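Please put together the full structure from these sequences, using the hints given.
Quick note, the sequences are listed as chains A and B, same order.
Read in the working numbering, the first sequence has 10 at position 10, and its numbers run on one by one without any break.
With the second sequence counted from 1, adding 1000 to any position gets you the working numbering.
If you're looking for bench data, these hints aren't it; they were derived computationally from the structure.
Incorrect hints may have been included.
[Unchecked claim] The calculated lysine-lysine pairs, modelled on BS3-like cross-linking and capped at a C-alpha distance of 27 angstroms, are:
#: 1; chain 1: B; residue 1: LYS1082; chain 2: A; residue 2: LYS186
#: 2; chain 1: A; residue 1: LYS72; chain 2: A; residue 2: LYS112
#: 3; chain 1: A; residue 1: LYS180; chain 2: A; residue 2: LYS234
#: 4; chain 1: A; residue 1: LYS234; chain 2: A; residue 2: LYS186
#: 5; chain 1: B; residue 1: LYS1082; chain 2: A; residue 2: LYS112
[Unchecked claim] From the derived model, a few chain B residues whose C-beta atoms are all more than 12 angstroms from chain A:
#: 6; residue: PRO1011
#: 7; residue: GLU1015
#: 8; residue: PHE1018
#: 9; residue: ARG1022
#: 10; residue: ASP1023
#: 11; residue: SER1068
#: 12; residue: ARG1072
#: 13; residue: ASP1080
#: 14; residue: LYS1082
#: 15; residue: THR1083
#: 16; residue: TYR1090
#: 17; residue: ALA1093
#: 18; residue: LEU1095
Here the structure is a predicted model, which means the values were calculated and not measured.
Even glycine gets a Cβ: it sits at the ideal position worked out from N, Cα and C.
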Amino acid sequence: MLPVAIDAMGGDHAPAAIVEGARRAAVEIGVPVVLVGRPEDLDPLRGDLEVVAASQVIGMDADPGSSVRTMKDSSLVRAAEAVRDGRASAMVSAGNTGATMASALLRLGRIKGVARPAIATPIPVPGSTPTVLLDAGANAECQPQWLVQFAQMGAIFSRERYGIAEPRVGLLSIGEEPTKGNPLVKETHALLAAAGALDRASARFVGNVEGRDIMTPEVDVVVTDGFTGNVALKTLEGGMRSLVTAVIEGLSTTDVADAALGALLPLYTTLDPDQTGGAMLLGVDGVCIISHGSSSATAVVNATRVASEMVQAGVVEHLRSAVASA
Amino acid sequence: MPAETHVERSPLDREQVFDLVRDRLADILEVEPSTINEGDSFTDDLDADSLALIELAEALEEELGERSVGFRIEDEDLEDIKTVRDAVDYVLARL
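If you want it as structure tokens, here you go:
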């Protein structure tokens, strides 16, 4: 398999944590990797890993569109080019999310038939497979037809990533009734409810769902526009973090702290952002995994593993078939 | 010939530039090239939005960057490119 191109310069803990994650991925899970970034920063860290040179780094706060257009020798752009040119099988970045998307979009291009790519983020569900939430932030304003494609692509990702044979797709709204929601949701509901809308993705539309349904086993894919999706994602992340912190603090002073915290470790692992394996940008012509900005080495290992799995599963080809025009 | 310009082949004429713009735009919009005319408005006739224009700018820079080192379409200029003709004129003026 071609190596996974890892943007070694992106993220709060780059390059050290990213390079450590890359090295562990190569050793622990046997995935070939190549680092992309400034040689002078990576040579002291890389061991025997190869480097694709890139002299520029797009900052975490940089404007995504203009930075990708003007910094053509950035690690993100070079990583996307490595995939486009057949030198890498996938790209992984913990850097600027918008710039990662723009790099993938402008270098890999959209899968034919895809109007807009969407960020598909796994949301942990204790005791069950994660719910795929999309779009988690790529497109602030959407058209109904785009959301239908998000549903198709999200279902494919859910199937390939989590082995769900017939993913249940819900449309995020403010009530279960089809009459509830804004004009975008109402129009999208009608399209998704139409016979055969999700046949190509072997998925089933289960109707509107609400925010509280995302972290339940009742649905496998939740579809929404990028603005709402990002708000939902950050709300869930912040809520879980606050709750976990409060539980640990509350238990730590008790006599049963060790036993209780030990019993809660599997749950903590389920909710740990470093364990999700990152989000996938669905709809570009290549595997692009977006890891969160504060990614540790463990997060990079998991993101690289997911990238490799998605390449081997042929997920881009499945997406291509699902959204191909009739 | 400016010293900083590296030209591998003879300069493109207007028809060749139009063909290039039309073909790249057809790829981006997933339409037949024959449906794109020089007088077409991006928004009104071709349903091409700002993303499509950015994709077109990238494609043209990549294609023409080999012919003319440093060829660039400034993002702020994209607002003024309303028709296919505008795009052809813009490219010709900068080659």
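Results of checking the hints against the structure:
1. B:LYS1082 / A:LYS186: 33 angstroms, violated
2. A:LYS72 / A:LYS112: 24 angstroms, holds
3. A:LYS180 / A:LYS234: With a Cα-Cα distance of about 23 angstroms, the restraint between LYS180 (chain A) and LYS234 (chain A) holds, given a limit of 27 angstroms.
4. A:LYS234 / A:LYS186: The hint holds at about 24 angstroms.
5. B:LYS1082 / A:LYS112: With a Cα-Cα distance of about 25 angstroms, the restraint between LYS1082 (chain B) and LYS112 (chain A) holds, given a limit of 27 angstroms.
6. PRO1011: 24 angstroms, holds
7. GLU1015: The claim stands: GLU1015 (chain B) keeps its Cβ more than 12 angstroms from every Cβ of chain A (closest is about 26 angstroms).
8. PHE1018: 22 angstroms, holds
9. ARG1022: The assertion about ARG1022 (chain B) holds, with a minimum of 18 angstroms to chain A.
10. ASP1023: Non-interface label on ASP1023 (chain B) holds, nearest chain A Cβ at 15 angstroms vs cutoff 12 angstroms.
11. SER1068: SER1068 (chain B) is indeed farther than 12 angstroms from all Cβ atoms of chain A, at 15 angstroms.
12. ARG1072: Violated: least Cβ distance 9 angstroms, not greater than 12 angstroms.
13. ASP1080: Holds, because the least Cβ-Cβ distance between ASP1080 (chain B) and chain A comes to about 17 angstroms, which exceeds 12 angstroms.
14. LYS1082: Fine: 20 angstroms to the nearest Cβ keeps LYS1082 (chain B) off the interface.
15. THR1083: With a cut-off of 12 angstroms, THR1083 (chain B) remains clear of chain A, as the shortest Cβ separation is near 22 angstroms.
16. TYR1090: The claim holds: TYR1090 (chain B) sits with its nearest Cβ about 16 angstroms from chain A, beyond 12 angstroms.
17. ALA1093: Check passes; 19 angstroms lies beyond 12 angstroms.
18. LEU1095: 19 angstroms, holds
The structure fails hints 1, 12 (numbered hints given earlier, in ascending order).
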